[in-house]
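2 protein chains.
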Amino acid sequence: MKAIVIITGSEFVQGRKQDKNGLFIAKNLFERGVDVIGIIISPDDLYSLTNYIKYALDRSDLVFISGGLGPTSDDITRQAVANAIGVALIYHEEWLSKLKTEYKKAGVEITQERKSMAKIPYGAAILENPVGRACGFIKVLDDVKKAIVALPGVPSEMEPMFYNALDKLGLKEKKKFTQLYRVFGIKELDLNYLLEDVKNISYNFSPKGVDIFLWEDNEKEFLQVKQKVKERLGSMIYAEDNTEMEEVVGKLLKEKGLTVATAESSTGGLIVSRLVNVPGSSQYVLGGLVSYSNEAKINILKVKKEDIEKYGAVSETVAKQMVENVRGIFGSDIAVSDTGIAGPTGETPDKPLGLHYIGFTDGKETKVYKEIYKGSRNDVRLYISQFALNLIRLYLTDKERSFNNG
Amino acid sequence: MKAIVIITGSEFVQGRKQDKNGLFIAKNLFERGVDVIGIIISPDDLYSLTNYIKYALDRSDLVFISGGLGPTSDDITRQAVANAIGVALIYHEEWLSKLKTEYKKAGVEITQERKSMAKIPYGAAILENPVGRACGFIKVLDDVKKAIVALPGVPSEMEPMFYNALDKLGLKEKKKFTQLYRVFGIKELDLNYLLEDVKNISYNFSPKGVDIFLWEDNEKEFLQVKQKVKERLGSMIYAEDNTEMEEVVGKLLKEKGLTVATAESSTGGLIVSRLVNVPGSSQYVLGGLVSYSNEAKINILKVKKEDIEKYGAVSETVAKQMVENVRGIFGSDIAVSDTGIAGPTGETPDKPLGLHYIGFTDGKETKVYKEIYKGSRNDVRLYISQFALNLIRLYLTDKERSFNNG
Chain A
1 MKAIVIITGS EFVQGRKQDK NGLFIAKNLF ERGVDVIGII ISPDDLYSLT
51 NYIKYALDRS DLVFISGGLG PTSDDITRQA VANAIGVALI YHEEWLSKLK
101 TEYKKAGVEI TQERKSMAKI PYGAAILENP VGRACGFIKV LDDVKKAIVA
151 LPGVPSEMEP MFYNALDKLG LKEKKKFTQL YRVFGIKELD LNYLLEDVKN
201 ISYNFSPKGV DIFLWEDNEK EFLQVKQKVK ERLGSMIYAE DNTEMEEVVG
251 KLLKEKGLTV ATAESSTGGL IVSRLVNVPG SSQYVLGGLV SYSNEAKINI
301 LKVKKEDIEK YGAVSETVAK QMVENVRGIF GSDIAVSDTG IAGPTGETPD
351 KPLGLHYIGF TDGKETKVYK EIYKGSRNDV RLYISQFALN LIRLYLTDKE
401 RSFNNG
Chain B
1 MKAIVIITGS EFVQGRKQDK NGLFIAKNLF ERGVDVIGII ISPDDLYSLT
51 NYIKYALDRS DLVFISGGLG PTSDDITRQA VANAIGVALI YHEEWLSKLK
101 TEYKKAGVEI TQERKSMAKI PYGAAILENP VGRACGFIKV LDDVKKAIVA
151 LPGVPSEMEP MFYNALDKLG LKEKKKFTQL YRVFGIKELD LNYLLEDVKN
201 ISYNFSPKGV DIFLWEDNEK EFLQVKQKVK ERLGSMIYAE DNTEMEEVVG
251 KLLKEKGLTV ATAESSTGGL IVSRLVNVPG SSQYVLGGLV SYSNEAKINI
301 LKVKKEDIEK YGAVSETVAK QMVENVRGIF GSDIAVSDTG IAGPTGETPD
351 KPLGLHYIGF TDGKETKVYK EIYKGSRNDV RLYISQFALN LIRLYLTDKE
401 RSFNNG
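Those protein sequences? They're chains A and B, same order as listed.
Going by UniProt numbering, the first residue of the first sequence is number 1, and it counts up by one from there.
Going by UniProt numbering, the first residue of the second sequence is number 1, and it counts up by one from there.
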């Protein structure tokens, strides 16, 4: 079964806004075994939209349209569908009376424009909008066994209505077997080598690591591939869904009943800020010290002045003192620290851009890791924060081997 | 002049990756007065892509294609263009010999697939790739006065080649007059009321404020509208281009030679992390203290225990002590603080979700602002960090009136 997704909105084709509904709809259709053969973004112009709908109907079995169902003059999806398939628009009486009641309650006049939100092409079934006032619709074209689905553009309205439409189209169940593995601590080349025999796989690289996406049509094959990939990647996998590293770490800290504090220089508060991102983090995050200046390192974190002078602020010694002292100051169970050169300036002959020392301590043992990461300032900081959070994760999951390898 | 932008990549239609090149190309074309009547995302399948190219040529003057120029079997853009317009593919001899030299140097065999990166449709002009190995091309169809431009999908390769293509097409200069105003400190309703007489305007709301986008075809009219909007918004405008609040604040701190420190509870390091985002921030960011627990507030920030007990951690008194004490600890010129309930839990009968106190001090005077912001945890934290940074901005630009209004 083939589908084309049409997004309508002049703000998208004029480059003012990034559409995200296309990706959402496409992903869900793909997972249900539907072959998406296009995402088309149309301006809010009747001629263009009508033509795209005709094109899509010619070449696919399902046409999903998002946007253009509101009450203003640039909301033209209903008319475009009616034009494309050659039927009239009629009022859906129930939805119209619901609209009338609502507007009356709100003390707002129901104009022709507002009434139009209850219009659907003749023969279509409505999709009720659980949040907003515009209804959507499904129009099945019996003669050609095709269907058009019209949905609003606002994601909070569109998403439940889309799932409802899938249900009505008999596409509720996922038919494609898919798996996401989020991985940290392996280089692109090593990964390609490690998984070169895996066929249906895609990679998404970022400073936070690699998102590996697997898919198969056949369940048995899928389970085998999944198992193989999982075994090979081992503890480098930090999540098997869209979970972020800070959520994984937060869950582990909560389970073990441990608290954490950070001493940050290069990352400038990014590590603690990411930890605090997670709801409920007040249970285990005691706080953090951002010692961006040497004075702050010396006066507040009590790093020895002579060591900063001797080894430099970006050094193993300083990272070690930072992490041990911040743990003492906050009285936490574990702590992480970093000091480094995020760039674009600050390098010296023996300290290249991207050089970082990342410290970890549990009070019994302190380890300091040296990492060099090349990239933009923010990519470097994101990578180092991910590295530090990953140290906590590996410690808490007792993966001593990987912990030693960083 | 009309254009359609085609993006090719199965990863996009299968919902595995968000395309961003479409937005980039569309925005640039819009600014040059080109009417973009569609962004089409095609799978890497010869039949689909060829059909989209034919459709686009039928309905527009310019067709831009991004992606599918690499050496693998799913790189089909060259062939699809050749099929769509009915010409043969030929080698561009110069680019081919450049490729041969490069592969020889790298000790890599030049296969047929790799050679194909030097192929262009007969009669096309190449677009040299300053970064990668695949060349792009422009094919002008003289008989119908239309042109097809093929560009790689990797943004760092695509962008310079796209500008080069615009140049060759005589579209270098911007013809649309556009202006971005980034605004903080006004509610959606007030803004709509304030600017209801402005026609070509769009708003993009986020916790960081509102991005207002203006556009006009006529320069004189544009300058008038721009002036009007600027006057009405006054010091609520924090940037007139894509600059972030932390960059604006950083520039001002550098100019005035002042230093800053933060004491953060609810934002958990987000304020200092954003300040540190900016290259060169080590000149003015001394550091920050994230006192997420009450103990950290008491022991490290020296907030009075009895005041936390009496007023609660989320209170004007605590915000005041936090900001004054952190300024003392770091020895900075100015400081900001926050304490609040980011949610989703933590509310009490007299302290609703979203309640925050934000402190600012310059050592002479301390001000504490009360703000309630509703939204997801991260939206709340982003808003509060923006609010705090905006306080610094208003102080440094001496906008006393607005400063008092928050």
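There's no promise every hint is true.
With a straight-line Cα cutoff of 35 Å, these simulated DSBU-like cross-link-like pairs (lysine-lysine) come out [unchecked claim]:
{"hint": "1", "chain 1": "B", "residue 1": "Lys-187", "chain 2": "A", "residue 2": "Lys-54"}
{"hint": "2", "chain 1": "B", "residue 1": "Lys-199", "chain 2": "B", "residue 2": "Lys-230"}
{"hint": "3", "chain 1": "B", "residue 1": "Lys-2", "chain 2": "A", "residue 2": "Lys-20"}
{"hint": "4", "chain 1": "B", "residue 1": "Lys-115", "chain 2": "B", "residue 2": "Lys-100"}
{"hint": "5", "chain 1": "A", "residue 1": "Lys-199", "chain 2": "B", "residue 2": "Lys-115"}
{"hint": "6", "chain 1": "A", "residue 1": "Lys-20", "chain 2": "B", "residue 2": "Lys-100"}
{"hint": "7", "chain 1": "B", "residue 1": "Lys-302", "chain 2": "A", "residue 2": "Lys-305"}
{"hint": "8", "chain 1": "B", "residue 1": "Lys-374", "chain 2": "A", "residue 2": "Lys-305"}
{"hint": "9", "chain 1": "B", "residue 1": "Lys-374", "chain 2": "A", "residue 2": "Lys-54"}
{"hint": "10", "chain 1": "B", "residue 1": "Lys-199", "chain 2": "B", "residue 2": "Lys-175"}
{"hint": "11", "chain 1": "B", "residue 1": "Lys-2", "chain 2": "B", "residue 2": "Lys-302"}
{"hint": "12", "chain 1": "A", "residue 1": "Lys-20", "chain 2": "B", "residue 2": "Lys-187"}
{"hint": "13", "chain 1": "B", "residue 1": "Lys-374", "chain 2": "B", "residue 2": "Lys-230"}
{"hint": "14", "chain 1": "A", "residue 1": "Lys-302", "chain 2": "B", "residue 2": "Lys-374"}
Derived from the structure by calculation, the hints contain no laboratory data.
Checked hints:
no. : hint                  : in the structure
1   : Lys-187/B - Lys-54/A  : violated (41 Å)
2   : Lys-199/B - Lys-230/B : holds (15 Å)
3   : Lys-2/B - Lys-20/A    : holds (24 Å)
4   : Lys-115/B - Lys-100/B : holds (8 Å)
5   : Lys-199/A - Lys-115/B : holds (25 Å)
6   : Lys-20/A - Lys-100/B  : violated (41 Å)
7   : Lys-302/B - Lys-305/A : holds (24 Å)
8   : Lys-374/B - Lys-305/A : violated (45 Å)
9   : Lys-374/B - Lys-54/A  : violated (43 Å)
10  : Lys-199/B - Lys-175/B : holds (18 Å)
11  : Lys-2/B - Lys-302/B   : violated (65 Å)
12  : Lys-20/A - Lys-187/B  : holds (25 Å)
13  : Lys-374/B - Lys-230/B : holds (28 Å)
14  : Lys-302/A - Lys-374/B : violated (39 Å)
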